[in-house]
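Trainee: If you're matching them up, the sequences are chains X and W in order. Note that this note's numbering has the first sequence beginning at 1, numbered continuously upward. Note that this note's numbering has the second sequence beginning at 1001, numbered continuously upward.
Hint data in this document are derived by calculation from the structure and do not stem from the laboratory. Treat the hints with care, as some may be off.
Here are the computed lysine-lysine pairs in the DSS-like style, where the Cα-Cα straight-line distance is at most 27 Å [what the hints assert, rightly or not]:
1. W:K1106 to X:K11
2. W:K1056 to W:K1071
3. X:K57 to X:K11
4. W:K1054 to W:K1071
5. X:K57 to W:K1106
6. W:K1005 to X:K57
7. W:K1005 to W:K1068
8. W:K1005 to W:K1106
9. W:K1056 to W:K1068
Stretches of chain X that chain W covers, calculated by requiring three or more beta carbons in the stretch to come under 8 Å of a beta carbon on chain W [said to hold, decoys possible]:
10. 44-50
11. 66-76
12. 102-110
This one's a predicted model, so the numbers in the text were calculated from it and none came from an experiment. Even glycine gets a Cβ: it sits at the ideal position worked out from N, Cα and C.
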Amino acid sequence: DTGVSQNPRHKITKRGQNVTFRCDPISEHNRLYWYRQTLGQGPEFLTYFQNEAQLEKSRLLSDRFSAERPKGSFSTLEIQRTEQGDSAMYLCASSLRRRSNTEAFFGQGTRLTVV
Amino acid sequence: DQQVKQNSPSLSVQEGRISILNCDYTNSMFDYFLWYKKYPAEGPTFLISISSIKDKNEDGRFTVFLNKSAKHLSLHIVPSQPGDSAVYFCAASSTTNSGYALNFGKGTSLLVTP
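Chain X on its own, in the form it takes in the complex:
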């Protein structure tokens, strides 16, 4: 399978615990994005990487959230001290930087439930 892969698919955690999600993008894609989707809403942009550099962060990304892409390949998104409001689908997407615009390809997401 050469698509975007996210793990785990589902995560249930108690409030206050830390969680970490992983995303493996399409291998030749140098851009990687994290989005969050809550019920009844479209995906909301959180952050993006070009290779290993984190170039943009949304104001939605509070201090409890941190993302890394250490070698410009896979990425992790960590949420510290989870809150019930963090419950959402976390989507990863990747794209290839070219002169022209290009679409982003999404993974199947990690559904987080904070109880």
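Following the hints, position chain W against chain X.
Mentor: Same frame as chain X, but now just chain W:
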């Protein structure tokens, strides 16, 4: 502030007829527009896109129309098939935004009935 708006939460169409999904945007800096399709428990799947230098792009049964002056785009599906039943998201980005981060609407749930 919702910069991309899909004002119809749902749409029901008979198989074989045309489905028209609408999208409005407010940010005049947006110059690249995409439609994604999403099934339950899956990530969004890219469907079709259009650059602001065009007013129409066609791919098989799917056509996207862009009206820049009205800040409006629409997705036409002809003929509609039951397998098209899904949530459709309109998204927009700006090439002045180096990351091409996508701004999504809330989605329109399309139901195609036999």
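Trainee: Decide, hint by hint, whether the structure agrees.
Mentor: Evaluation of the provided hints:
1. W:K1106 to X:K11: 24 Å, holds
2. W:K1056 to W:K1071: 14 Å, holds
3. X:K57 to X:K11: Status holds; Cα separation ~24 Å.
4. W:K1054 to W:K1071: Holds. K1054 (chain W) to K1071 (chain W) sits at ~13 Å (cutoff 27 Å).
5. X:K57 to W:K1106: 21 Å, holds
6. W:K1005 to X:K57: Satisfied, since the Cα-Cα distance of roughly 23 Å is no more than 27 Å.
7. W:K1005 to W:K1068: 15 Å, holds
8. W:K1005 to W:K1106: 7 Å, holds
9. W:K1056 to W:K1068: 11 Å, holds
10. 44-50: Check passed, 4 qualifying residues.
11. 66-76: Coverage by chain W is violated here, the residue count being 0 at a Cβ distance below 8 Å.
12. 102-110: holds (count 8)
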